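If you're matching them up, the sequences are chains A and B in order. Mapping of the first sequence onto the numbering used here: position 266 corresponds to residue 266, and the numbering continues sequentially without gaps. Here the numbering used here runs 480 ahead of the position in the second sequence, where the first position is 1.
Hints listed in this document are in silico derivations from the structure and should not be mistaken for laboratory results. Small disclaimer: the values here were computed from a predicted structure and weren't measured. Incorrect hints may have been included.
To be verified - Keeping only pairs whose Cα atoms sit at most 27 Å apart, straight-line, the calculated DSS-like set for lysine-lysine is:
1. A/LYS475 x B/LYS491
2. A/LYS367 x A/LYS265
3. B/LYS556 x A/LYS265
4. A/LYS98 x A/LYS418
5. B/LYS556 x A/LYS98
6. A/LYS25 x A/LYS364
7. A/LYS475 x A/LYS98
8. A/LYS474 x B/LYS491
9. B/LYS491 x A/LYS418
10. A/LYS107 x A/LYS25
11. B/LYS491 x A/LYS265
12. B/LYS491 x A/LYS107
13. A/LYS98 x B/LYS491
14. A/LYS107 x A/LYS418
Claimed, not checked - Stretch-level coverage of chain A by chain B, calculated; a stretch enters the list once three of its residues show a Cβ under 8 Å from a Cβ in chain B:
15. 210 to 218
16. 241 to 255
17. 263 to 269
Quick reminder that beta carbons are idealized off the backbone N, C-alpha and C, glycines included.
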Amino acid sequence: MNIGVIIPLLIFLIAIFAIGLISSKRMSTGNNFLNDYFLGGRELGGFVLAMTMVATYGSASSFLGGPGTAYTVGFGWILLAMAQVVTGYFVLLILGKKFAILARRYKAVTMIDFLKVRYNSPAVAILSAIAIIVFLFSAMTAQWVGGGRLIESLTGLEYTTALFIFAVSVLVYVVIGGFRAVAVTDAVQGAIMVVGTLVLLIGVVIAGGGIPAIMQDLFNENPRLVTPFGADGSLSAAYVSSFWILVGVGVVALPQMAVRAMSYKNSRSMHRALVVGTIVTGFIMLNMHLIGIFARPVMPGIEVGDKVIPLIALEVLPAWLAGIVLAAPMAAIMSTVDSLLLLVSSAIVKDVYINFIRPDAAEKRIKQVSFGVTGLLGVIVFLLALQPPELLIFLNLFSFGGLEAAFIWPVVLGLYWKYGNKYGAIASMVVGMLSYVGLHFYNEANGALFGVHTVTLPIVFSLVAYIVFSLAVKKEAYQF
Amino acid sequence: MNKETTDPRFKIAHREAWIGIGLAIFNFIWWFGFAYGLGSRPVEDYTYIFGLPDWFFYSCVVGFILISILVIIITKFFLTEVSFDEEEDV
Numbered sequence: 001m002n003i004g005v006i007i008p009l010l011i012f013l014i015a016i017f018a019i020g021l022i023s024s025k026r027m028s029t030g031n032n033f034l035n036d037y038f039l040g041g042r043e044l045g046g047f048v049l050a051m052t053m054v055a056t057y058g059s060a061s062s063f064l065g066g067p068g069t070a071y072t073v074g075f076g077w078i079l080l081a082m083a084q085v086v087t088g089y090f091v092l093l094i095l096g097k098k099f100a101i102l103a104r105r106y107k108a109v110t111m112i113d114f115l116k117v118r119y120n121s122p123a124v125a126i127l128s129a130i131a132i133i134v135f136l137f138s139a140m141t142a143q144w145v146g147g148g149r150l151i152e153s154l155t156g157l158e159y160t161t162a163l164f165i166f167a168v169s170v171l172v173y174v175v176i177g178g179f180r181a182v183a184v185t186d187a188v189q190g191a192i193m194v195v196g197t198l199v200l201l202i203g204v205v206i207a208g209g210g211i212p213a214i215m216q217d218l219f220n221e222n223p224r225l226v227t228p229f230g231a232d233g234s235l236s237a238a239y240v241s242s243f244w245i246l247v248g249v250g251v252v253a254l255p256q257m258a259v260r261a262m263s264y265k266n267s268r269s270m271h272r273a274l275v276v277g278t279i280v281t282g283f284i285m286l287n288m289h290l291i292g293i294f295a296r297p298v299m300p301g302i303e304v305g306d307k308v309i310p311l312i313a314l315e316v317l318p319a320w321l322a323g324i325v326l327a328a329p330m331a332a333i334m335s336t337v338d339s340l341l342l343l344v345s346s347a348i349v350k351d352v353y354i355n356f357i358r359p360d361a362a363e364k365r366i367k368q369v370s371f372g373v374t375g376l377l378g379v380i381v382f383l384l385a386l387q388p389p390e391l392l393i394f395l396n397l398f399s400f401g402g403l404e405a406a407f408i409w410p411v412v413l414g415l416y417w418k419y420g421n422k423y424g425a426i427a428s429m430v431v432g433m434l435s436y437v438g439l440h441f442y443n444e445a446n447g448a449l450f451g452v453h454t455v456t457l458p459i460v461f462s463l464v465a466y467i468v469f470s471l472a473v474k475k476e477a478y479q480f
Numbered sequence: 481m482n483k484e485t486t487d488p489r490f491k492i493a494h495r496e497a498w499i500g501i502g503l504a505i506f507n508f509i510w511w512f513g514f515a516y517g518l519g520s521r522p523v524e525d526y527t528y529i530f531g532l533p534d535w536f537f538y539s540c541v542v543g544f545i546l547i548s549i550l551v552i553i554i555t556k557f558f559l560t561e562v563s564f565d566e567e568e569d570v
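Use the sequences and the hints to build the structure in full.
Following this line, the structure appears as structure tokens:
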């Protein structure tokens with residue numbers, strides 16, 4: 001137990017609770033519960049919008065798994081991670097104003113609402129709800145494991161206890177605060193991430209005796225660490241480039257990002273978020289991964305990648321400062337988890353319960369169901385996370401890829417291509433998901449097909465399916 | 481609402497989506513070109529800028545700063561402010 005580390009972390013958690021409570025107070029004045037709880041009443045400003053996108057996207061993999069891999073693999077992994085800068089502007093520019101306008105016109109609260117009205121099809125809605133519940137559920141579990149592990153390594157508590165503290169913290173403010181609480185806490189957490197990564201980077205550089213000395217140490221250990229090809233030369237240009245789809249442009253199709261692209265107040269907020277989001281994403285990714293690789297000469301021989309960041313922070317910083325800095329990955333994990341939790345909950349309440357079970361449910365009943373489902377989901381994920389699956393980062397990427405393959409064309413072409421229809425959308429989702437899962441197992445057994453990441457081919461297949469089925473079954477222009 | 485004409489705001493939105501695609505393509509070429517153009521040399525030949533390998537410095541550090549500047553310029557001069565609400569209330 002390290003009291004100096006725990007106290008700043010505790011202060012951080014309490015501050016987060018306070019924000020959740022204040023936001024929920026503001027929520028009770030709104031007159032549309034669903035719109036407020038799941039979308040924050042569409043009134044996010046530019047800074048909060050940018051920060052909630054960065055914080056939602058930057059998860060355990062950017063703060064623990066990614067830097068841990070950079071520690072092992074070298075500069076090639078930072079190159080790969082920098083593909084994520086594109087998400088800062090791409091999501092908002094592509095979904096952009098058209099998505100914001102149509103979402104308002106359709107009165108859409110979730111991405112599924114949008115798809116359901118655009119394609120005028122309950123089947124599309126059910127399929128999307130299933131995809132979101134299955135894939136995001138696994139993403140969420142991976143994040144909870146990360147949160148539990150982090151508290152475990154900081155406090156020396158048992159994993160189960162650590163996970164319990166994490167679960168209670170997240171549940172309290174998500175259940176009571178809804179989307180606005182999540183977005184506002186995300187903004188605070190995003191700011192913590194920016195400052196935390198900078199402090200830690202400076203600490204590591206000083207501990208390593210300056211960047212040239214660190215670079216010399218890396219070169220002496222294994223010259224390949226400073227090349228783009230990885231410590232064993234296995235990172236090919238094609239493989240690294242294919243991550244542009246997975247963690248770059250494909251992010252446009254992730255429901256947790258899309259829902260944010262319909263939550264902002266006006267086009268000025270969007271413009272501001274473009275700038276802030278791009279700069280903050282790049283800054284955090286560059287810093288975090290540099291910390292990972294710089295940590296190697298300072299603390300050689302760390303076996304578990306996820307532990308690199310916590311260990312190096314405790315090594316190079318005074319305890320109280322380490323506590324503040326380690327609130328950054330904590331913040332990243334919490335802000336991802338809270339968004340996913342709310343999203344899965346909205347898929348169940350809004351897209352399954354209200355659409356198919358009780359369309360006439362009263363406001364008060366919806367409220368109870370929303371709180372109940374969100375809370376229950378948290379408990380289920382907690383129980384799953386007790387038996388933690390290994391390899392955090394790959395579980396997380398698995399679910400990203402599956403969702404991207406399912407949603408990218410129904411969302412993007414649904415917005416911009418007038419001949420897109422429900423037949424194309426359904427075919428695209430089915431083909432995308434099935435080929436992703438199939439190819440995942442093929443690649444596990446045989447190595448990556450064509451040397452690219454699993455997500456690449458399914459995205460091509462789902463594009464073909466979308467176009468062919470849209471045109472072949474019923475060619476009819478959609479009037480936006 | 482007049483169903484026959486396309487909403488003029490969509491024209492703006494379409495243009496801005498193309499800007500996004502163009503920027504992403506430029507970003508990729510810059511990133512890829514410097515990383516594998518300079519990075520493929522024998523590692524003994526690398527030079528170091530601020531202590532970082534040259535391919536990495538140009539591809540990731542300069543690339544990131546350049547893209548940030550481009551985003552600022554595009555936002556300031558090429559994006560148009562539009563209202564998101566419906567003119568004719570439903």
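So, going through the hints one by one against the coordinates:
1. Between A/LYS475 and B/LYS491 the CA atoms are separated by roughly 23 Å; this keeps the pair inside 27 Å, and the hint holds.
2. Taking the CA atoms of A/LYS367 and A/LYS265, the gap is near 24 Å; set against the 27 Å cutoff, the hint holds.
3. Between B/LYS556 and A/LYS265, the direct Cα distance comes to roughly 18 Å. Compliance with the 27 Å bound is thereby established for this hinted pair.
4. The straight-line distance between the Cα atoms of A/LYS98 and A/LYS418 is roughly 13 Å, inside the 27 Å bound, and the hint therefore holds.
5. Of the pairs offered as hints, the one joining B/LYS556 and A/LYS98 holds, with about 19 Å between alpha carbons and a cut-off of 27 Å not exceeded.
6. Using a Cα cut-off of 27 Å, the hinted pair A/LYS25 and A/LYS364 holds, with the two alpha carbons roughly 17 Å apart.
7. Restraint check for A/LYS475 and A/LYS98: satisfied, since their Cα atoms lie roughly 23 Å apart, inside the 27 Å limit.
8. For the given pair, A/LYS474 sits about 26 Å from B/LYS491 by alpha-carbon distance, which is consistent with the 27 Å threshold.
9. Straight-line distance between C-alpha atoms of B/LYS491 and A/LYS418 comes to about 14 Å, which keeps the hinted pair within the 27 Å bound.
10. At most 27 Å may separate the alpha-carbon atoms for a hinted pair to count; A/LYS107 and A/LYS25 meet this at roughly 24 Å.
11. At roughly 21 Å between alpha-carbon atoms, B/LYS491 and A/LYS265 fall within 27 Å of each other, so this suggested pair holds.
12. For the hint pairing B/LYS491 with A/LYS107, the CA-to-CA distance comes to about 22 Å; that is within 27 Å, so the pair holds.
13. Of the pairs offered as hints, the one joining A/LYS98 and B/LYS491 holds, with about 9 Å between alpha carbons and a cut-off of 27 Å not exceeded.
14. In summary, the hint linking A/LYS107 to A/LYS418 is supported, as the alpha carbons are separated by about 20 Å, within the 27 Å threshold.
15. For the segment 210 to 218 of chain A, the stated coverage by chain B holds: 5 residues have a C-beta nearer than 8 Å to a C-beta of that chain, and at least 3 were required.
16. Look at the segment 241 to 255 of chain A against chain B: 4 of its residues bring a Cβ nearer than 8 Å to a Cβ of that chain, three or more, so the hint holds.
17. For the segment 263 to 269 of chain A, the proposed coverage by chain B is satisfied: 3 residues have a C-beta within less than 8 Å of a C-beta in that chain, meeting the threshold of three.
Hint compliance for this structure: no hint is broken.
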